[in-house]
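**Q** Line by line, the protein sequences are chains B and W.
Going left to right, the first sequence walks through residues 1 to 543 as our numbering numbers them.
Going left to right, the second sequence walks through residues 1 to 247 as our numbering numbers them.
One or more hints might be untrue.
To be verified - Residues from chain W that face chain B, not an exhaustive set, calculated with beta carbons under 7 Å:
no. : residue
1   : Tyr177
2   : Ala179
3   : Ala197
To be verified - Below, a list of computed lysine to aspartate or glutamate pairs in the DMTMM-like style, where the Cα atoms sit at most 20 Å apart:
no. : chain 1 : residue 1 : chain 2 : residue 2
4   : B       : Lys207    : B       : Asp254
5   : B       : Lys346    : B       : Asp394
6   : B       : Lys64     : B       : Glu155
7   : B       : Lys371    : B       : Asp394
8   : W       : Lys188    : B       : Glu96
9   : B       : Lys371    : B       : Asp446
10  : B       : Lys80     : W       : Asp185
11  : B       : Lys524    : B       : Glu321
12  : B       : Lys120    : W       : Glu147
13  : B       : Lys411    : B       : Asp396
14  : B       : Lys416    : B       : Asp446
15  : B       : Lys366    : B       : Glu378
16  : B       : Lys64     : W       : Asp185
17  : W       : Lys199    : B       : Glu96
18  : B       : Lys216    : B       : Glu240
19  : W       : Lys188    : B       : Glu91
20  : B       : Lys452    : B       : Asp498
21  : B       : Lys301    : B       : Glu374
Note that these hints are calculated values from the structure, not bench results.
Bear in mind that the values here come from a model prediction, so they are computed numbers and not experimental data.
By construction, the Cβ of each residue, glycine as well, lies at the ideal position given by its N, Cα and C atoms.
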Amino acid sequence: MVKVRLKFRDKKEKSEKKSAFPFLPHEIVRDAIIISILLSALLFLSSIVPPPLHEVADPYNTPKFLLPDWYFLWVYGMLKIAPPLKIMGREILNAETIGVLMPLAFFIILFLLPFIDRGKASRPATQPKQAALGVATIILMLALAAFSLWEVFGEAFPIISRESWKFILKITVLFLPFLTFGLAYLGITGMRKGYAWLLNQCYECFKCDLTCPVNKVYDLPDLNLVYNVYKKNPPDYLWECLTCARCTEACPLDIGYYEFIRNSRQDKRCEIIAHRGILTDLAEIESLMDKPNKIVNNGSKYGYYPGCVDNLYLMEIDGVEYDEISKSSLKLLKNSGIDASRLNLKCCGHDVLWQGNVDVFERLKKYNTEKIRESGIETLIVSCAECYRTFKKDYDLNVKVVHISDFLRDKNLYFKLNNQNEGKNVAYHDPCRLGRHMGMYDEPRDLIRRVKGVNLVELENSRENALCCGISAMMGCDDRTKALRAYRMNQAKYKRIDYLLTTCPKCVTHFQCLKNEENDYNFKIMDLTTFMAQNLEENGGIE
Amino acid sequence: MPRVSLLERIYLEVYSWISERFDADKYWKKTKSTISSINRSFPLTHTKKYDTNAIWIWYPWYCFGGIALLSFIVLCVTGAILGLYYVPSVEGTPPGAYRSMEIIMTEVPFGYIMRALHHWATHVMVASVFLHTFRVYFTGAYRRPREFNWIIGMFLMIFTLFFAYTGYILPWDQLAYWAGRIGVDMAKAVPFVGDIASKLLFGDITMSGNTLIRFYLYHVFILPGIVISLIILHLIIVWYQGIAEPH
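With the rest of the complex left out, here is chain W (with noise of 0.2 Å):
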């Protein structure tokens, strides 16, 4: 008979009064077989893979995609909650628009916060994705098989771009209604179809109301919905291909 300590004792005991009353023994196997068939299931990750030194110099570039993807989350979340109080006008002194920012910045409860959140995790999210895609660029993952990918991957770029700078125009405010105009005049320069493409994108051939709802619409409306879809298209793509490591 093999020593046993007292707290193995105990143990036992307890676990042998449940397992004699509710089979505790045979779901605890069960679970643990459960657990090693998912974990043989999975693909070996490079960084256990190749157990060296150096991946590990490599390693944090390849988290990018997801801290984009994660502060894209927060941004959705918060945006939400700011959607539920701006006002996208220009009506009245100061305007709506301002105004609005003004009570969210004030008077909402964690109106703060969620903006304070909305405007950091867009710094950090066109940032990550800039750093994504020399990542991408540097480890030649948009090479065969990876094309489709990299170009749904700079239209998601492209899109960010405009997803901040739609963003930006929103509060009305001297930067958003200063940068506009600089937009304006560079869809203004565009050879040919410049007018045109002003009224367009931009709703009019300067910054007036018709440019701060079209833009409203963009930023809440309908790049989202482009956003959304391509992300989920991007993420489909890499579990199907595969990341491509550097070998």
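Bound-form chain B, shown alone (with noise of 0.2 Å):
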């Protein structure tokens, strides 16, 4: 903790020294570049255009057109449009007092603003609402304007007449501010998508640092994440991000740091992808591929997409039955009174996506958007945390998409630990995806719990804090991060766990694979619809 806290401080005085910024010459300078071009260009003009001099005023003679300067026309024009008051027929405040009135309330609003108002928020893209109110504000104040010159109007430009004239301009007064509003509000709100504006907030706390999976094994030197990379200064974490979200989980802001790490690997190209990038190889191949349709439609309202685990258990990496899960879940969704379609979609294009090849992706998610649709399902079940979150949040189905553990909560289902003897104490670890991503925590929890004779146990980071298997999206997978993975397991091994479940068959795999490698660990990995299939009681649960 001591090395943390300097560490810390190291960091926040080196960024002070890094940004102090000289009072003497640059703001002097940038003060007499502001002063001269001012005095110039008022020297030019006065130069240039002669200041007006007007016959002598007369009383006697009106001049044709009554106009004030340029700055109180919007006055002016609130004179001029301003109806008498009438109630039942009776006048009760004539045209001029209106007049009169009107700008008096502006201005009392205007005082009082501050009373009126008291978000806190101080830029436009945060305060849509006030913003488009001021931008409509300026615009009824120019068709104000406008209105109070109908007459000059009329007189230079008699293509339409005075009258028409004056109609229109009442008319765009009366209106344009509403429509100003609504298009202000439209386009202030969609600026909020962007994430420069969100990155831009950053006030360089460095919770991210501190919390940041990737900054303890790498020990990058002053990381500062969110604030870093979008100044592109270095942009080489770029690939090394798990994009766990660990960082917007901590980040007081709630910048979506890992969604922009994603926008910012598009069109670019990862050259660390683990296994030689064989399976981003192979999504490719099979992205392009004319895959015939051969989605089992049983006429079922449900479906179930058992993810790329369908086409990996013919590796038999590390000796994870991947077979297993997929048939487990429909196992388990038959028991609970659900026919369910399996659909033999592509891949869902997770890794893809995040691995930056965007063309890839969007050629797999319209080939399983089509087949989705054409499947005439209204319920996608998934029980991968990666399939899950893609198809939330990334793809634009019309039809429900829940994750099994969410699904098989309320069903009625009866599990009851089958072998007592291998020990109870189970331990669920939160995938980032299906956790940080998309916050369930409950639902698997939930789900085992029910299972009979079982004691959940808490790993030492869990829910929102749980660190990560050391791999995202099939990138990166070397020492530092098995290290990661390594800290991970080791959390569980102190907890003296007998099986540690996830909802990812990515994390299955990796902590499969350094099990087996260490050789140190003694607990069973499993996918959690793995291990409730083989807790099911198929009589019912009657005794």
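Build the complex: two chains, separate frames, hints provided.
**A** Now the structure itself:
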């Protein structure tokens, strides 16, 4: 802890030193530039445009157009547009009085503004209503100024008659501000979808640095994730980021840093894809293949998507029985009375999306979306955390997407630990995609608690603080990310658990890989569905 | 012995000659430390602190308060010079005010450029006051804890407009007269107190010599005092509370 604090202080000092800004040359030079530009502009204007001096005042000779200076035109427009106030045919206030009261009311509202509006935001993008109101007010003032000039317009542009000019300008005053308010509101809320304004809010509190698992193992100097990557200074951490969203969880401003990383990765190539990029290549080949329609449509309204584990079972990486996951899921669904059709789609595209191959992702998305629409299902059930996140957030499906743990939670199923000798301490590892990305912490836990005889243990870092398994989107598997994995596995070891459950096949694979290598961990690593299916009581739980 | 170029040798010779006689080294070091201590004591400006591209969209908007102040200074200087020659009178043909304007424009040395500067600086000041208000509005800078300064700023805006309006009347030409008529009519249209307000503000219920003298008094005596003191108060509060930056 002391070390961490020291690091924090060092970074703070460094950043302060780095951003020191000398007043003496900079500010004075800047002010001198502004002053000289202004004075020379004034002198230039004065020398080429003479100040007007019209003929002498004559009370008996009304000029053709009575006009104030430009900055009073909007008040003059109010005077001209004001209608008399009539109640029951009797004139209570005449038009002139209303015309005077309108600017008065406007100024009174302006004076009271800080007491009316008590918000805290300080930029238009964070206060769209207030900003749109401001834009609409400016437009209203301009429209009023234009209205006060209707006689001039009628004289200068006699294409339409003077009265039509008056009518058009009056309509403008009445409707344009509302239109502007709507447009400005939509525009400003649209701005909020960008990341630049959000990242720009970062005030360098270093919380993201302190929580970042990559920073723990890589020991990058002065990382300050959000701020530096936004400034591209330096941009080298782009591929090291695990997109585990711990920084966003820690961020006081909730800056969606991992999504920013994903957007930054677009159209760039990662050089360090694990397993020589074979899985990425597979996804790319699959996206280009013209797969025949093999979707088994048994008329069910529920569809189950097993994910790429269906294709991986041939490989048997690290002794994980991948086909067991889909088999178990279907078994659980069948026992809860649902005959889900097994969808034979292409890869959901999670990995290629997070590796920046947006083209491949878009092809996969297009194919899958079409096939899901064709199959006629209404609810799509997935067991993989990554698939769940991708279908829910990155696809625009018109079917309901649910995770199997959420789906089974209130179904009529009975579980009992069928092998009491093996122990009963079970821990759940939150995968980043299901936990922090989708906010599902309780659903899997509730499901595990329903197994009779199970003692659910929480690891040291769980729920929002869950540590990463060390791999995301099949990138950058090396000694350092393996250290992260070992750290997580050790946390499980110290709790003396018998089962480590999770909902992400990627976590399962990589934990299993470390277990096979180290031979130090004597707990079983399993997917949640596999565990539940093993302990399912087929006869409905009647003892 | 490192190689020293000719230029460096000349510099060293001259510098050591001066330093030997006048302790230049000591004073140079002192100056440097003073500069750096001043630099360190100043707060970071938002442009540097948030060293991003987006800030340059905002940055010019933070200049308008300063531009308004600068044009106000120009107005004070040129106005003081014009005041030496202006006569607030409607007597004679043409009226004294109009005649003095003609003299300023044609006979007084640099009178033309002074009046032109006064005219254009008014436009710049009014425009920048408006833009400054918009900036304060859109960055939400009027909110807690800056409510008081917003109210002072509102007074400043109204006084600026009144300043411009009174100055508009002074030449006593057609434009001035009829702009004045609109103002008098507006004042008279205030319910219940219309005539009193008109007499109080304009000195009469129509445009006359009284109006001109009263407006001259506002323009050169009352308003400058109020506006200068309000500007000082406004700036002190800005200095104390700091500029509201878009975080």
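**Q** Would you mind marking each hint as holding or not holding in the structure?
**A** Comparing the hints with the structure gives:
1. Nearest Cβ of chain B to the Cβ of Tyr177 (chain W): about 4 Å, under the 7 Å cut. The hint holds.
2. Interface hint at Ala179 (chain W): satisfied, since its Cβ lies 5 Å from the closest Cβ of chain B, which is below the 7 Å cut-off.
3. Annotation: interface hint on Ala197 (chain W) violated; nearest CB of chain B at approximately 10 Å, more than 7 Å.
4. Of the supplied pair hints, the one linking Lys207 (chain B) and Asp254 (chain B) holds, its CA atoms being roughly 11 Å apart against a limit of 20 Å.
5. Using a Cα cut-off of 20 Å, the hinted pair Lys346 (chain B) and Asp394 (chain B) holds, with the two alpha carbons roughly 15 Å apart.
6. Taken as a hint, the Lys64 (chain B) and Glu155 (chain B) pair is honoured in the structure, with Cα atoms around 11 Å apart against an allowance of 20 Å.
7. Using a Cα cut-off of 20 Å, the hinted pair Lys371 (chain B) and Asp394 (chain B) holds, with the two alpha carbons roughly 16 Å apart.
8. Restraint check for Lys188 (chain W) and Glu96 (chain B): the C-alpha separation of about 9 Å stays at or below 20 Å, so the hint holds.
9. Distance check on the hinted pair: Lys371 (chain B) and Asp446 (chain B) sit about 33 Å apart at the alpha-carbon level, beyond 20 Å; violated.
10. Proximity of Lys80 (chain B) to Asp185 (chain W) is assessed by CA-CA distance (about 13 Å); at most 20 Å being required, the pair is judged to hold.
11. Of the pairs offered as hints, the one joining Lys524 (chain B) and Glu321 (chain B) holds, with about 13 Å between alpha carbons and a cut-off of 20 Å not exceeded.
12. Between Lys120 (chain B) and Glu147 (chain W) the CA atoms are separated by roughly 13 Å; this keeps the pair inside 20 Å, and the hint holds.
13. A threshold of 20 Å between alpha carbons decides the hint, and for Lys411 (chain B) with Asp396 (chain B) the separation of about 27 Å lies outside it, so the pair is violated.
14. Between Lys416 (chain B) and Asp446 (chain B) the CA atoms are separated by roughly 14 Å; this keeps the pair inside 20 Å, and the hint holds.
15. For the hint linking Lys366 (chain B) to Glu378 (chain B), the alpha-carbon distance of about 18 Å falls within 20 Å, and the restraint holds.
16. Distance check on the hinted pair: Lys64 (chain B) and Asp185 (chain W) sit about 18 Å apart at the alpha-carbon level, within 20 Å; holds.
17. The straight-line distance between the Cα atoms of Lys199 (chain W) and Glu96 (chain B) is roughly 18 Å, inside the 20 Å bound, and the hint therefore holds.
18. Distance restraint check for Lys216 (chain B) and Glu240 (chain B): the Cα-Cα separation of roughly 12 Å lies within the 20 Å cut-off, and the hinted pair is therefore satisfied.
19. Restraint check for Lys188 (chain W) and Glu91 (chain B): satisfied, since their Cα atoms lie roughly 18 Å apart, inside the 20 Å limit.
20. Taking the CA atoms of Lys452 (chain B) and Asp498 (chain B), the gap is about 15 Å. The hint holds against a cut of 20 Å.
21. Annotation: proposed proximity of Lys301 (chain B) to Glu374 (chain B) holds, straight-line Cα distance about 12 Å (limit 20 Å).
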